Amino acid sequence: MDTKIVIEPKEGEVIFRTGTAPDIEVPKQFAFSGNIDSPGNFYEDRIARSLFNPDTSNVVFDKRSLKIVLTENEKSPKANIVIGTLKENPDLTAFRIWGQPEWGLAEMIKFLRKNKRFFKSKEEFDRTVKNLSEYTYKREVQGTEKDDRKGNVKVAFEQKLVQNIKLEFTLFIPLFEGYPAKSFRVEIIPEVTDGGSKFWFESVELIELKEKELEIIFNVEEERFKGLLVFRSNN
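Note that the working numbering has the sequence shown beginning at 1, numbered continuously upward.
Please keep in mind that the hints were generated in silico from the structure rather than gathered at the bench.
Don't take each hint at face value.
[Stated by the list, open to error] Straight-line alpha carbon distances no greater than 16 Å define the calculated EDC-like cross-link-like pairs of lysine to aspartate or glutamate that follow:
(1) Lys-120 to Glu-187
(2) Lys-67 to Glu-187
(3) Lys-114 to Asp-91
(4) Lys-166 to Glu-134
[To be verified] Pairwise CB distance ranges, derived in the manner of DEER restraints:
(5) Lys-226 to Pro-174: 24 to 30 Å
(6) Phe-30 to Glu-134: 36 to 42 Å
(7) Asp-126 to Ala-31: 19 to 25 Å
(8) Val-220 to Ser-76: 26 to 32 Å
Remember, predicted model here, so these are calculated numbers, not experimental data.
For every residue, glycine included, the Cβ atom is placed at its ideal position computed from N, Cα and C.
Between the sequences and the hints, there should be enough to build the whole structure, so can you do that?
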């Protein structure tokens, strides 16, 4: 079948090309989730190779969700997105500090033995396990009842727990994955009921240390994005 082409005379030049046209290149989106420093690594690499346009890009710092999100070519449906997440050290999470459920005595001793490497010193580990193994307490319960003869009755109970030892130790463990270990004090808190004794870990120092480390980490990462639009969320 012959193809008929009609050209209307106009000023200018007409160019005919024969053969197969090259495939149209469709931009591909780059999406990646990694460690908290991944957005900074991506940004610095692209900037060094002149492959990044800061005028159409932004970065969001969200401390509450422990994330940094870098967006390149923000108005494009094929925008490149790099997400960095700060992850708590799972070995620290396993201690369930300030968390639930509580520990039974035998369960806690077994757990501490498995995690001996995170104690500040061998002597402190030995003392803590020995104290737990020899743990004894005296539970004193007093009750009062008051009747104001007007139909109002008030009943109150007071429990006093007397321990033979003080249960606390120092951990030396990374707070977040990929970062150096930090030292902080931990208390073992007992609770005694009619069903027996339960224990859990508390550490005020850990709360303060986490806040300080989080501030340092996010400040260091933000310094890497000089010249880029920065948004801060939930700071």
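Evaluated hints:
| no. | hint | verdict |
| --- | --- | --- |
| 1 | Lys-120 to Glu-187 | holds (14 Å) |
| 2 | Lys-67 to Glu-187 | violated (30 Å) |
| 3 | Lys-114 to Asp-91 | holds (11 Å) |
| 4 | Lys-166 to Glu-134 | holds (12 Å) |
| 5 | Lys-226 to Pro-174: 24 to 30 Å | holds (28 Å) |
| 6 | Phe-30 to Glu-134: 36 to 42 Å | violated (59 Å) |
| 7 | Asp-126 to Ala-31: 19 to 25 Å | violated (50 Å) |
| 8 | Val-220 to Ser-76: 26 to 32 Å | holds (29 Å) |
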